[in-house]
Amino acid sequence: MITKDPPEHTRLRKLVSKAFTPRMVSQLEPRIRAITDELLDAVIGKGAFDLVQDLAYPLPVIVIAEMLGVDPERRDDFKRWSDDVIHIVAAGQNETRMAQYMESWEAFKAYSVEMIEARRRAPRDDLVSALVQAQEERDALTLSELLNACLLLLVAGNETTTNLIGNGALALFTNAEEGLKVRQQPEFIPGMIEEVLRYDSPIQGTFRTTTEAVDVRGVTIPADSKVLLLWASANRDPEVFPDPDRFDIERPIDRHLAFGIGIHFCLGAPLARLEARVATETILHRMHRVEPEPSGMIERVDNPFFRGLKHYPLVFEPMR
1 MITKDPPEHT RLRKLVSKAF TPRMVSQLEP RIRAITDELL DAVIGKGAFD LVQDLAYPLP
61 VIVIAEMLGV DPERRDDFKR WSDDVIHIVA AGQNETRMAQ YMESWEAFKA YSVEMIEARR
121 RAPRDDLVSA LVQAQEERDA LTLSELLNAC LLLLVAGNET TTNLIGNGAL ALFTNAEEGL
181 KVRQQPEFIP GMIEEVLRYD SPIQGTFRTT TEAVDVRGVT IPADSKVLLL WASANRDPEV
241 FPDPDRFDIE RPIDRHLAFG IGIHFCLGAP LARLEARVAT ETILHRMHRV EPEPSGMIER
301 VDNPFFRGLK HYPLVFEPMR
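Start counting the sequence shown at 1; every next residue gets the next number (full-length UniProt numbering).
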């Protein structure tokens, strides 16, 4: 869907969006809070945890897996398949990587086809059932379109949020005054999330192909040219954001491009914002004196399109 133009894109997006409504997302908040608490329960007595591996990584995986209707015992498989898809984009294609990618793609397809056919026979209250049942002028999603929609939701539904949560924590600890504001006034959390999306965008950009020649500030880009749109660069544009390299959670933001723009604006944006907000609120509610582990190593994701952390060790005192 992300590579399609209208009218095909319009049809696919309309069908998928029916199953990904704001109502469905808002109803997830209690469950997202419960999952977040369960994940923190496992580390709360230790006084230390890896923000990414213990919370930011599993939280969105569990949420999107439950939304899709994935069996709990297959969540780790789904995450591995997602990682392999992302890895082939990040590291390039060689024989070994392609073999790993194809193995994961075939495993994903086999399981997804089983799940789709099961939902055709007996629908459940999950996203795959909603996609299977979605109709637009008698034009249902084909099996290939269903598989691609599930893969898109799987990848976009976990990697972006993981990076958003990790980047947010890093920004707050790196910018102590802003971090103190959030601790003292949690009402700043939604604005903080928007500033993180602008300041340290989880998705750096995407490729597009020009359909006609276009002039950009005196430079003519010919038709049929491959263009790399860098959302992260646009989000540091000084003509739009004064002092763009400053992290400011009180910045009035209504124009950042972290979720894209136009017809390809990310359908999962409300879910990513909700998960990041709940994760931040729960950490502040349950942990005191949270700070980076002095000897801990911060490891970045090795990917030119996804910007995030692999590990972020933190220490804390449990709230009494």
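The reader is advised that the hints may include incorrect statements.
Claimed, not checked - Derived pair list, reagent style DSS-like, types lysine-lysine, alpha-carbon separation capped at 25 Å:
#1 K4 <-> K14
#2 K109 <-> K4
#3 K79 <-> K181
#4 K46 <-> K14
#5 K226 <-> K46
#6 K79 <-> K226
Keep in mind that the hints were calculated from the coordinates and are not lab data. Keep in mind the model is a prediction, meaning the values are calculated, not measured.
Structure-based check of all given hints:
Between the alpha carbons of K4 and K14 the distance comes to roughly 13 Å, so the proposed pair stays at or under 25 Å and holds. Simply put, K109 and K4 have alpha-carbon atoms about 21 Å apart, close enough for the 25 Å limit, and the pair holds. Of the pairs offered as hints, the one joining K79 and K181 is violated, with about 34 Å between alpha carbons and a cut-off of 25 Å exceeded. Restraint check for K46 and K14: not satisfied, since their Cα atoms lie roughly 46 Å apart, outside the 25 Å limit.
Note on K226 and K46: the hinted pairing is violated, with a Cα-Cα distance of about 50 Å set against a maximum of 25 Å. With a C-alpha separation of about 30 Å, the suggested pairing of K79 with K226 is violated against the 25 Å cut-off.
Of the numbered hints listed earlier, those contradicted by the structure are 3, 4, 5, 6.
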